[in-house]
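Visitor: For reference, the chains in residue letters:
There are 2 protein chains.
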Amino acid sequence: MAKRFKGDMCCPPGAPAAEVSWQTLEGAEADDELAKLAKAIGHPARVRILRLLSRKEARVCSQIVDELPLAQSTVSEHLRILKEAGLVRCAQDGTRVGYCIDFDGLRRLKALTAII
Amino acid sequence: MAKRFKGDMCCPPGAPAAEVSWQTLEGAEADDELAKLAKAIGHPARVRILRLLSRKEARVCSQIVDELPLAQSTVSEHLRILKEAGLVRCAQDGTRVGYCIDFDGLRRLKALTAII
DNA sequence: CATTCTTATCGTCTTTTGACGATAACACGG
DNA sequence: CCGTGTTATCGTCAAAAGACGATAAGAATG
Numbered sequence: 001m002a003k004r005f006k007g008d009m010c011c012p013p014g015a016p017a018a019e020v021s022w023q024t025l026e027g028a029e030a031d032d033e034l035a036k037l038a039k040a041i042g043h044p045a046r047v048r049i050l051r052l053l054s055r056k057e058a059r060v061c062s063q064i065v066d067e068l069p070l071a072q073s074t075v076s077e078h079l080r081i082l083k084e085a086g087l088v089r090c091a092q093d094g095t096r097v098g099y100c101i102d103f104d105g106l107r108r109l110k111a112l113t114a115i116i
Numbered sequence: 117m118a119k120r121f122k123g124d125m126c127c128p129p130g131a132p133a134a135e136v137s138w139q140t141l142e143g144a145e146a147d148d149e150l151a152k153l154a155k156a157i158g159h160p161a162r163v164r165i166l167r168l169l170s171r172k173e174a175r176v177c178s179q180i181v182d183e184l185p186l187a188q189s190t191v192s193e194h195l196r197i198l199k200e201a202g203l204v205r206c207a208q209d210g211t212r213v214g215y216c217i218d219f220d221g222l223r224r225l226k227a228l229t230a231i232i
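As given, the protein sequences belong to chains A and B, one line each in that order. Residue numbers for the first sequence follow the working numbering, beginning at 1 and rising by one. Residue numbers for the second sequence follow the working numbering, beginning at 117 and rising by one.
Honestly, I wouldn't trust all of these hints.
Claimed, not checked - With a straight-line cut-off of 35 Å between C-alpha atoms, the simulated DSBU-like cross-links for lysine-lysine are:
| # | chain 1 | residue 1 | chain 2 | residue 2 |
| --- | --- | --- | --- | --- |
| 1 | A | Lys39 | B | Lys155 |
| 2 | B | Lys226 | A | Lys83 |
| 3 | A | Lys83 | B | Lys152 |
| 4 | B | Lys152 | A | Lys56 |
| 5 | A | Lys83 | B | Lys199 |
| 6 | A | Lys36 | B | Lys155 |
| 7 | A | Lys39 | B | Lys199 |
| 8 | A | Lys36 | B | Lys172 |
| 9 | B | Lys199 | A | Lys110 |
| 10 | A | Lys56 | B | Lys155 |
| 11 | B | Lys152 | A | Lys36 |
| 12 | A | Lys39 | B | Lys172 |
| 13 | A | Lys110 | B | Lys152 |
| 14 | A | Lys110 | B | Lys226 |
| 15 | B | Lys155 | A | Lys110 |
| 16 | A | Lys39 | A | Lys83 |
| 17 | A | Lys36 | B | Lys199 |
| 18 | B | Lys155 | A | Lys83 |
| 19 | A | Lys39 | B | Lys226 |
| 20 | B | Lys152 | B | Lys172 |
| 21 | A | Lys56 | B | Lys172 |
| 22 | B | Lys152 | A | Lys39 |
| 23 | A | Lys36 | B | Lys226 |
| 24 | B | Lys172 | A | Lys110 |
Hints were generated in silico from the structure; no laboratory data involved.
My request is simple: use the sequences and hints to build the entire structure.
Guide: Take a look at the structure:
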């Protein structure tokens, strides 16, 4: 039997609705921030990964690799980009790494696009 | 006196809230569509252009050029990318070209990001 | 400890992006 | 018709992105 992913430490169900209002939504800084977030989503594979995580169809890196027609190193790189942009978080579980959506980043993206 | 931009044909104030529900929000096609939209926004200059258009601080290509530290050809290229992605529309007015936000595309973007 | 499984990183290559100047195309004013 | 102002396109170049295989690192398992 395949080992189950232990951790529920990533994306706990009781995650509070984060405050984003303390950060500015305008100005050059906000423009750069939105551009960075959008750029991270600006690739079909990364959108696909976010959807897989969102629907909990995949959680561990190797599962994501199975779902995509890409090499493991490529998927790892996409995950790194998403993580760097603040759109996913990860939690180590022994050898494996569990990924999940970073809803703070996602909210931030929506807030920034909302005022265009 | 500088010639006024004649056209209000672009982005009329009474633009109806468009229907987007007929298009799918899931599947590989939707993923590609979201990636394409996000990629178009994934550059600081293009975010800046969208904001300028949104606040009506600029409307004509030459005005946008004045607002950005970029060459005219570069700005034109950014506008082309935004237009191609369906995020801005343009209307000819004699020699000038008036740009405006394509709210259909923007709604589409928000709808696609909403379900992540 | 050796093996296996899982993930990140590195090196390399090709393709795409971003920027610019030069130039073409076009409408308008004299 | 001639110059002027405005925008799009082209050619070129440097930089970044995207993909892969190989490999390193680390945890679990026997």
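Visitor: Please go over all the hints and tell whether each is borne out by the structure.
Guide: Status of each hint after checking the structure:
With a C-alpha separation of about 5 Å, the suggested pair lysine 39 of chain A and lysine 155 of chain B falls inside the 35 Å cut-off, and the hint holds. A distance of roughly 21 Å separates the Cα atoms of lysine 226 of chain B and lysine 83 of chain A; the hinted pair therefore holds under the 35 Å criterion. Between the alpha carbons of lysine 83 of chain A and lysine 152 of chain B the distance comes to roughly 20 Å, so the proposed pair stays at or under 35 Å and holds. Simply put, lysine 152 of chain B and lysine 56 of chain A have alpha-carbon atoms about 24 Å apart, close enough for the 35 Å limit, and the pair holds.
The suggested pairing of lysine 83 of chain A with lysine 199 of chain B holds, with an alpha-carbon distance near 30 Å, which does not exceed 35 Å. Annotation: proposed proximity of lysine 36 of chain A to lysine 155 of chain B holds, straight-line Cα distance about 10 Å (limit 35 Å). The hinted pair formed by lysine 39 of chain A and lysine 199 of chain B meets the criterion: a straight-line CA distance of about 17 Å does not exceed 35 Å. Annotation: proposed proximity of lysine 36 of chain A to lysine 172 of chain B holds, straight-line Cα distance about 24 Å (limit 35 Å).
Distance hint between lysine 199 of chain B and lysine 110 of chain A is fulfilled; the C-alpha atoms sit about 21 Å from each other, no more than 35 Å. The suggested pairing of lysine 56 of chain A with lysine 155 of chain B holds, with an alpha-carbon distance near 25 Å, which does not exceed 35 Å. A C-alpha spacing of about 15 Å is found between lysine 152 of chain B and lysine 36 of chain A, which places the hinted pair at or below 35 Å, so the restraint holds. A threshold of 35 Å between alpha carbons decides the hint, and for lysine 39 of chain A with lysine 172 of chain B the separation of about 25 Å falls inside it, so the pair holds.
A distance of roughly 17 Å separates the Cα atoms of lysine 110 of chain A and lysine 152 of chain B; the hinted pair therefore holds under the 35 Å criterion. Proposed proximity of lysine 110 of chain A and lysine 226 of chain B is supported: the alpha carbons are some 7 Å apart, at most 35 Å. Straight-line distance between C-alpha atoms of lysine 155 of chain B and lysine 110 of chain A comes to about 15 Å, which keeps the hinted pair within the 35 Å bound. Annotation: proposed proximity of lysine 39 of chain A to lysine 83 of chain A holds, straight-line Cα distance about 13 Å (limit 35 Å).
With a C-alpha separation of about 20 Å, the suggested pair lysine 36 of chain A and lysine 199 of chain B falls inside the 35 Å cut-off, and the hint holds. For the hint pairing lysine 155 of chain B with lysine 83 of chain A, the CA-to-CA distance comes to about 17 Å; that is within 35 Å, so the pair holds. Distance restraint check for lysine 39 of chain A and lysine 226 of chain B: the Cα-Cα separation of roughly 15 Å lies within the 35 Å cut-off, and the hinted pair is therefore satisfied. At most 35 Å may separate the alpha-carbon atoms for a hinted pair to count; lysine 152 of chain B and lysine 172 of chain B meet this at roughly 25 Å.
For the given pair, lysine 56 of chain A sits about 42 Å from lysine 172 of chain B by alpha-carbon distance, which is inconsistent with the 35 Å threshold. Taken as a hint, the lysine 152 of chain B and lysine 39 of chain A pair is honoured in the structure, with Cα atoms around 10 Å apart against an allowance of 35 Å. In summary, the hint linking lysine 36 of chain A to lysine 226 of chain B is supported, as the alpha carbons are separated by about 17 Å, within the 35 Å threshold. This hinted pair checks out: lysine 172 of chain B and lysine 110 of chain A have alpha carbons roughly 22 Å apart, not beyond 35 Å.
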